[in-house]
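S.K.: Heads up: the sequence lines are chains A and B, in that order. Residue numbers for the first sequence follow my numbering, beginning at 387 and rising by one. Residue numbers for the second sequence follow my numbering, beginning at -15 and rising by one.
Worth flagging that the hints you see were computed from the coordinates, not collected in a lab. Beta carbons: idealized from backbone N, C-alpha and C, even for Gly. Keep in mind that the hints are not guaranteed to be accurate.
Said to hold, decoys possible - Once the Cα atoms are required to be at most 30 angstroms apart in a straight line, the calculated DSSO-like pairs of lysine-lysine come out as:
no. : chain 1 : residue 1 : chain 2 : residue 2
1   : B       : K148      : A       : K535
2   : B       : K96       : A       : K505
3   : A       : K535      : A       : K505
4   : B       : K302      : B       : K180
5   : B       : K96       : A       : K535
6   : B       : K180      : B       : K148
7   : A       : K425      : A       : K595
8   : A       : K425      : A       : K505
Stated by the list, open to error - Chain B is faced by these chain A residues, among others (derived, beta-carbon under 8 angstroms):
no. : residue
9   : M503
10  : G514
11  : M526
12  : L528
13  : A533
14  : G534
15  : Q552
16  : G559
17  : A561
18  : A598
19  : F599
20  : A616
Stated by the list, open to error - One side only, chain A facing chain B, incomplete, derived with CB under 8 angstroms:
no. : residue
21  : S515
22  : S521
23  : G523
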Amino acid sequence: MSADHDSTEQRSPAPERARLEERADFVRTEAIRLIEIAKVGHYSSVFSAAETFAVLYYAVMRLNDDPRWPDRDRFLMGKGHAAVGLFPILADLGYLEREVLDGYTRLGNPLGDHPDMTKVPGIDFSSGSIGHALSNGLGMALGGRLAGKDFTVFVMLGDGEMQEGQVWEAALGAAHHRLGRLVAIVDRNGYQLDGAVDDVIGIEPLADKWRAFGWDVVEVDGHDVEALRAVLGEAKANGTDDGRPVCVIAKTMKGKGVRYMETEPGWHLGYLDPADAERAVAEITERSGR
Amino acid sequence: MTGPREEGSWQYRAVNTLNPGLDWFSDALIELVEEGHPVVAGTADLQYSNGLVRFAQRHPDRFLQFGISEQNMVSAAAGLATTGAMPFVATFASFLGLLCVEQIRMDVAYTKLPVRLIGHHTGIALGFYGTSHHATEDIATMRAIAGLTVVSPADGPQLKAALKASVNWPEPIYFRISRGRDPQVYPDDVSFEFGKGIEHSQGTDVTIIACGTQVHPALEAAEALRGEGMSVGVIDMPTVKPLDDELVRDVAGRTGVVLTVEEHNVLGGLGGAVAEVLAGITGGARLVRHGIQDEYSLIAPPTHLYQHYGLDAEGIAKAARTARE
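From just these sequences and the hints, can you work out the full model?
M.R.: Rendered as structure tokens:
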């Protein structure tokens, strides 16, 4: 595929709501299937981010068949523990053999709880230690600008991740260096391992913090695919080599899409027994009308 | 008050008179840029301490100021490397080799990215700045990280040669350099080979294996000891990892005592690395490790500290005599 071809358009000729919602639910059901293999995983962290994954990969990001294409947009996950929701998309895009998914977390398989760029085609940077990703993205945006490229770097951060000091080092640096093609997405699902983020160590007023660090801030319903598409698409379209980075605060719900997870924050890390998994999949597929 | 480019300012003196050895650092990077390599140099508010201001003035578009955010700098250097840039990032070794260990492990080494980390003012070179600014553990921390090469050059020419050779070395590298005031050991145009020790001389009584700032005083000490009738060899071991195991095993079979000398804790550094090799052979030389004996250094001007801890020619000679008893 030629370097100037923007395959996003080809992949998503009709970025209609239903299609993107179906892709988000595909992320959910695949995550349930893969976590069944591992017997433990971060279901609810994937579910809060499912629409963002779907909108980025099926409607917004510039991608082609080569996961190492130098002009591609990048996606990094500070909340690397949600990678099990990203792997099915990478397989769907052809970056990863589908059979590899079936061996998720098994000995010798490249797919673990956290994404590894040295093992998984399509993973733009490894993560797992919370707090590094925005700095990694900052470096990519600097490198892109130095190389005269116009790709956008999207970095998804957990809301608990806001408690890591390095995030704010990167926030200061990105604004100072005028990295107008860097977009942070905070998955504001409200929960971390030990409880509600605001009970553990409060992070509000979050939008004001990012604004004070020199970022443009947009708040959006992180489960509304059309709103997400508009906000992320605009952040990309308006990106420049000398501008303010953009922070999108995606207001989401931990466990979104499966009612008994939405109401139980303990689901940050867990395992669904087969009967519960069946109920969850039934609920998701019923909603998707599939 | 004088500006940084005026004679008499501390910045001007730092760059132009106090630390001439650091010119080799910037000059290597300037040459690499001019040879067409996509070098990017970054620092964390220390361009006058490490002399990168020299590079910054020549290639301002390829210089990155990160401010006092060392961890951010290391993670960002890794991101830069994914875009084809060749990042060299420098700060005090106490910060790079201790504060940033996890960023180096996860973002640089595990990812196998060609990032070059330059920890300067290593060991006790910051004298009376105290323990926060001393780095007597950085070889140990960096050496324990899989896939990371660790290089401790003896002087400016060797540093420059190693920096230039690094473009053909695929692994990420931690360079451990001092403050640019070390006497020159090698000619200006010395070459560098990763993973190879340099045997300056052979000796059947004692063989000193030194790295970094300790190579020059080790050579002086050997000269003095020879005057006393001792047969002394000296090996410069600039690549602490991967260590030249073969040379260590070889020399252990033809000398009585191997004396390692380093401006570092004797635990986990060059002495530790040599001990790991000697532990795997039968017989051979006895090992004595000379350096900082698992303690925090006192506060004093660096030369006073080097004397106090025996990290000068006289101290090394004394250690060699004691080792022979």
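S.K.: Of the hints given before, which are not true for this structure?
M.R.: 7, 14, 17, 18, 19, 20
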